[in-house]
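J.: Sequence:
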Amino acid sequence: MPASDSMSKADYYELLGVARNASEEEIKKAYRKMALKYHPDRNQGNKSAEEKFKEVSEAYEALSNPDKRSAYDRFGHSAFGPQMRGAPGGGFHDPFDIFREVFGGGGGGSIFDDLFGGGGRREGAQGGNDLRYDMELSFEEAAFGSEKEISIRRHEACDDCEGTGAAPGTSMTRCTQCGGRGQITSQRGFFMVSQTCPRCRGAGRVIEKPCKSCSGSGLVERVSKIKIRAPGGVEDGMRLRSAGNGDSGVRGGPPGDLYVVLHVHEHEIFKRDGEDLFCEVPISYPMAALGGELEVPTLDGAARVRIPPGTQSGTLFRLRGKGVKSLDGRGVGDQHVRIIVEVPTRLNSDQRRKLEEFARSCNEDVLPMRKSFMERVRRIFK
Numbered sequence: 026m027p028a029s030d031s032m033s034k035a036d037y038y039e040l041l042g043v044a045r046n047a048s049e050e051e052i053k054k055a056y057r058k059m060a061l062k063y064h065p066d067r068n069q070g071n072k073s074a075e076e077k078f079k080e081v082s083e084a085y086e087a088l089s090n091p092d093k094r095s096a097y098d099r100f101g102h103s104a105f106g107p108q109m110r111g112a113p114g115g116g117f118h119d120p121f122d123i124f125r126e127v128f129g130g131g132g133g134g135s136i137f138d139d140l141f142g143g144g145g146r147r148e149g150a151q152g153g154n155d156l157r158y159d160m161e162l163s164f165e166e167a168a169f170g171s172e173k174e175i176s177i178r179r180h181e182a183c184d185d186c187e188g189t190g191a192a193p194g195t196s197m198t199r200c201t202q203c204g205g206r207g208q209i210t211s212q213r214g215f216f217m218v219s220q221t222c223p224r225c226r227g228a229g230r231v232i233e234k235p236c237k238s239c240s241g242s243g244l245v246e247r248v249s250k251i252k253i254r255a256p257g258g259v260e261d262g263m264r265l266r267s268a269g270n271g272d273s274g275v276r277g278g279p280p281g282d283l284y285v286v287l288h289v290h291e292h293e294i295f296k297r298d299g300e301d302l303f304c305e306v307p308i309s310y311p312m313a314a315l316g317g318e319l320e321v322p323t324l325d326g327a328a329r330v331r332i333p334p335g336t337q338s339g340t341l342f343r344l345r346g347k348g349v350k351s352l353d354g355r356g357v358g359d360q361h362v363r364i365i366v367e368v369p370t371r372l373n374s375d376q377r378r379k380l381e382e383f384a385r386s387c388n389e390d391v392l393p394m395r396k397s398f399m400e401r402v403r404r405i406f407k
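One gets this note's numbering by counting positions in the sequence shown from 1 and adding 25 to each.
One should not assume that every hint holds.
[Unchecked claim] Calculated lysine-lysine pairs in the DSSO-like style (CA-CA distance at most 30 Å, straight line): (1) Lys54 to Lys34; (2) Lys72 to Lys62; (3) Lys379 to Lys407.
[To be verified] The following label-pair restraints were derived from C-beta to C-beta distances: (4) Ser48 to Tyr284: 33 to 39 Å; (5) Lys396 to Lys173: 56 to 62 Å; (6) Phe100 to Gln220: 38 to 44 Å; (7) Val248 to Gly299: 33 to 39 Å.
Because the hints were derived from the structure by calculation, they are not lab data.
Backbone N, C-alpha and C fix where the C-beta goes; we use that ideal spot for every residue, glycine too.
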């Protein structure tokens, strides 16, 4: 380049904001910061930012290469003049290539692809699919916890080709169309446009002779048995994650996960509200009036409840610690017993006669709730 152009170019160290004795890591860190700041994707339509991006990329390429840096320290910008094009260490590449190199991009996507997961693939490696399994549990199994062995159909690595997809004795070869990058890049003006290679479909490598056992997919379908532990306290509709028990990954990719959706059967007696259990127990009218001891069911056996005289229908009794385990294992809920006073529906003549006699002997003193109600009625209608 003309001497005047060399003199007008900004100093590479000043462009990156580093000292002349800066380490390679300091230079790389400075470039990352500047490249992000001036990348065209973040400064669309800003010609000044585009030029700045080119300059900092040019500066980084020179200072990150020991030979180029040594030449630049000795001769300045003239070290990379026209006479040096094609010579070792001379000339510069596309600034996007430098950017992708530093940020780990894989074939030329946008800055957002490179930084947030849209980068390249490792020789066609793909993660396995997640799987779902619906598992039924009894009410007791959900309350106390249960371990079950389930059978699922999933894709696993082919034994014959060891998951590569290539026939035994052969291997995958680098794609000649994209040079192994998995992307084909073309330049449109200042911007680079990338698309998935149609030959290798983004893998970067191709299988010339597919494995017969898996037809080149690297996977075969098998039935696998897996033990699933449902902790005590789970509820209907909850989902358990069994990491790594989904489909196997392709060509070294990570396996997917298995998600087990729980379906808890209803109980004939108990209803559940979080960690507490509720049940209704009918008692006779004489027991409600006279009191007594009542045997009630719980999930871990029978328990006894003392019924005081005059117990009304709907009264709740609590049995501490007879509920469901908490999922965090820090406690157990309670069981609530609701008393239902059962009214006889079929009386023989002797029972009816005795009940009528009892009714005639009753007055408001033995029926305080009715007495209070009738007093309110009389106040309203007097």
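J.: Taking the hints in turn, state whether each one holds.
T.: Hints, one by one, checked against the model:
no.	hint	verdict
1	Lys54 to Lys34	holds, 22 Å
2	Lys72 to Lys62	holds, 14 Å
3	Lys379 to Lys407	violated, 35 Å
4	Ser48 to Tyr284: 33 to 39 Å	violated, 47 Å
5	Lys396 to Lys173: 56 to 62 Å	holds, 58 Å
6	Phe100 to Gln220: 38 to 44 Å	holds, 40 Å
7	Val248 to Gly299: 33 to 39 Å	holds, 37 Å
In this structure, the earlier hints numbered 3, 4 are contradicted, and the remaining ones agree with it.
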